[in-house]
Amino acid sequence: MRPPLATVIAAALVALLLSSTAEAFWGFGAGEGSGLNLIQGYDRNTVTTVTGRVTASPDQGMDPVQFEIVAGSERIVTVLGPRWYLQDDDLSWKAGDTVTVRGSLAQGRDGRSYLLAQWVTMPGGRQLVLRSDTGRPGWSGGYRGGTQGDGLQLQRGGAAGRRGR
Amino acid sequence: MSRPGVRHLILLGALLLSALLIWFAYINCRSAVPVTRGYLRGIALSLGQAIETIASRDPSLKLLADFRSPDIAYFCIVDRRGTILFHTNPDLVGERLEDRRYQALLGAPTVTEGRIRLGTGEVVYEFQQQLHIAGGPLILRLALHTWQADRILRRTRAGGAMMMLLLVAAWGFGLWSLRLQRRDLRRREELARREHLARLGELGAVLAHEVRTPLAGIKGYAQLLAERPVGDRERRYAQRIVAESERLEELVNDLLTYAVQESAAIGTAELAGLVRGAWEDLSAAAPPGSPHFVLQLSGELEREVACVPARLRQVLLNLLGNARQAMPSGGTVQVLLDTVQDRARVVIRDDGSGFSPEGLTRAFDPFYTTRARGSGLGLAICRKVVESCGGTIRLENGGNGGAEITLELPLSQEGRR
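Top to bottom, those sequences are chains A and B.
Take the first sequence: its letter number 15 is residue 15 in the numbering used here, and every next letter is one higher.
Convert by adding 1000 to the 1-based position in the second sequence; the result is the number in the numbering used here.
Simulated from the structure, these hints should not be mistaken for lab results.
One thing to keep in mind: the hints can contain errors.
What the hints assert, rightly or not - Some chain B residues near chain A, calculated using beta-carbon distances under 8 Å:
#1 1074
#2 1092
#3 1147
To be verified - Here are some chain B residues pointing at chain A (derived, C-beta under 7 Å):
#4 1060
#5 1069
#6 1073
#7 1118
#8 1121
#9 1122
#10 1145
#11 1149
The beta-carbon is built from N, C-alpha and C at its ideal position, and this holds for glycine as well.
Between the sequences and the hints, there should be enough to build the whole structure, so can you do that?
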């Protein structure tokens, strides 16, 4: 049986509306997330070091794990890495903690600033190293991240490949 | 102006208006691209000038470390060999640019611009220009965030998309209301047609009753005259009166049949047997020396059809008779029986000349005939009987040029598997 014309028109309109999110449709945002390569992306040209206050503890349920800091008047989303890679780490920052993050800064298509962290200071003062100096991430193999501080470096996982699960 | 003319004019106007809106939206979106580029170029030129001023004052370029702007993703200054003299990431000072894009500025004091994707996935606007400072021309590479500038583009595109959406909605509602209007018009036309036919039927019935009795008298007396021993001329006249009376009698019978208001859906009929019976009756009634006709009956039905056999036989007599009359030199009449979705489908095909375009639209109208001595009630009666059985009848010209009449009749519920 042929569907009524009104149903076809209504379906077409709904499909058109659903093809983009409301934000993107009305032009108030990109609506497609950051548009950045948050897991593997890094660019040495935009590397910077930022010190700021944590606005809320990191949600380790998010993938990739990220939290927001405020540096001056700017709000920056600090992206640490994939959830599976950080699931055993104690990311115990609390709101108001001061952190220093070094990483590649980028602006997403949603207009927010993202800092793809190379290392970040932990509450105890140690550094959580996530990428090499060239930006190669620990979760991509060939480089082992770790925590270091007071001259002590703790190898993460003890062996390369642990992170590859 | 005629109604179709007005309709076409409105449609043309709507199409033109739509085309105008689409063109406007397209031009608007296209013009936003150079506006965005101009906006970014303006910022880049301003920043470039500021950087050049600072670099002129401080050839060591150390003061540039404090130069900040929220629009800048990064910037660097390189010499002619591509060695980085200054970079917003100090770790890169002293390294050489891996790409060769800066070389476009070595020969000519122009600027280059374009969008590139950084390793983070961000697309930035890259602007390069020569810096004329002491120690020789250097090259400034400036990468700007594009999100702010692209808002112009996004808003324009969103406006265009909104316009398209409204246009689609307007066309949808327009077509929908047009469809409703046409359906309503068809319904009213059908109602008017039925009322007209009902009045015609009543009138025909009254006339038939009034004509029938005197006609019987005229015919009887004419038959008596024809049998009496009078002159040949008088006998011929009397025989003509009898023949014309019989024709009038047929017309009266047709009128009475057409005027009957009873439902024909009571009873069941075995269709294949009715087809054969009607064909035999037509063959038997054909005068000597008539052309040779062949009936090809194929297919079978699952059950009997739900219709009064006598009325259905009348329909078949009319349709098969028409098919024979459409082939003056004789030929084959095909009757195909089939069951389609709990309905019987009967297709009657002949090898005649088919229907004219006018005939296709008016053949079911009462008193419409293309024959000199036809009453024009045959197909009208067929339609009335078939519809009173809950069926449909339609006619078209077949692929071989002959007429093709298709009946669809409800099957009896008795004996249903």
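Checked against the structure, which of the hints given earlier come out wrong?
-> 4, 5, 11
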